[in-house]
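*Asks:* So the sequence lines, in the order shown, correspond to chains A and B. According to full-length UniProt numbering, the first sequence holds residues 1 to 112 in order. According to full-length UniProt numbering, the second sequence holds residues 1 to 112 in order.
Do not rely on the hints blindly, as some may be mistaken.
If chains are identical, the list can't say which one is meant, so a pair holds when it fits in one copy or spans any two.
As the list claims (entries may be wrong) - Only pairs whose alpha carbons sit at most 30 Å apart, straight line, appear in this in silico DSBU-like list of lysine-lysine:
id, residue 1, residue 2
1, K107, K93
2, K38, K108
3, K38, K53
4, K41, K107
5, K53, K41
6, K57, K107
7, K38, K107
8, K45, K57
Quick caveat, the hints were computed from the structure, so don't treat them as lab data.
2 protein chains.
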Amino acid sequence: MLTRGGCPRNMMSIRDALEALEGKWKLLILFSLANGPKRFKAISKEVEGISDKILSKELKHLELNALITRQVYDTFPPTVEYAITPHGQSLEKVMEELHFWGLAHRKKIMGK
Amino acid sequence: MLTRGGCPRNMMSIRDALEALEGKWKLLILFSLANGPKRFKAISKEVEGISDKILSKELKHLELNALITRQVYDTFPPTVEYAITPHGQSLEKVMEELHFWGLAHRKKIMGK
């Protein structure tokens, strides 16, 4: 696509995607939910460096964009679990390509 | 990969990629340079909504990450052109997947 140049329609769809996934946390949170639903603390532990405040904000944004669901269980005390939706799972190829590119980038820039 | 779950090594490479590409502008700038070198004003026109200050900052960051080059030509007055590098072009598949996902996301969330 790059070699075919940037038609405005493509630019719009990439912009849509980048707005839904903006920042460095959302994809990492989705990645952490990829192997099963998790509670807040478990996500926070897996996504190193994220503060509780930001994680809370990002989870709300992901829910609004139909990428995850938030389920409250009627236990005592109540438990809350976050799960990736099929729409969230449809980011698999994006993440795969980012993974491969990230490996190549580390090699190129950081020389390891 | 998502269905295979999130091993720490994959998380690290995705994090590397997201840090190099952070924000909503960098990929759009690279996309605008995909069909040939451009001057500052031309990029600014193509990437709608970006301010000169942010564009200038983003171009520097992209240059530091070896994704673009900045070439000064000895004309009167001097002209400056930005061009995508092969490393920048290696983001083609990431952009392609973001493009497809962006289309699906617009359909799902915005219903159009």
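*Asks:* Taking the hints in turn, state whether each one holds.
*Replies:* Now for the hints, and whether the structure bears them out:
{"no.": "1", "hint": "K107 x K93", "result": "both (21 Å within a copy, 18 Å between copies)"}
{"no.": "2", "hint": "K38 x K108", "result": "between (35 Å within a copy, 25 Å between copies)"}
{"no.": "3", "hint": "K38 x K53", "result": "within (17 Å within a copy, 40 Å between copies)"}
{"no.": "4", "hint": "K41 x K107", "result": "neither (32 Å within a copy, 33 Å between copies)"}
{"no.": "5", "hint": "K53 x K41", "result": "within (12 Å within a copy, 38 Å between copies)"}
{"no.": "6", "hint": "K57 x K107", "result": "between (33 Å within a copy, 24 Å between copies)"}
{"no.": "7", "hint": "K38 x K107", "result": "between (32 Å within a copy, 28 Å between copies)"}
{"no.": "8", "hint": "K45 x K57", "result": "within (16 Å within a copy, 32 Å between copies)"}
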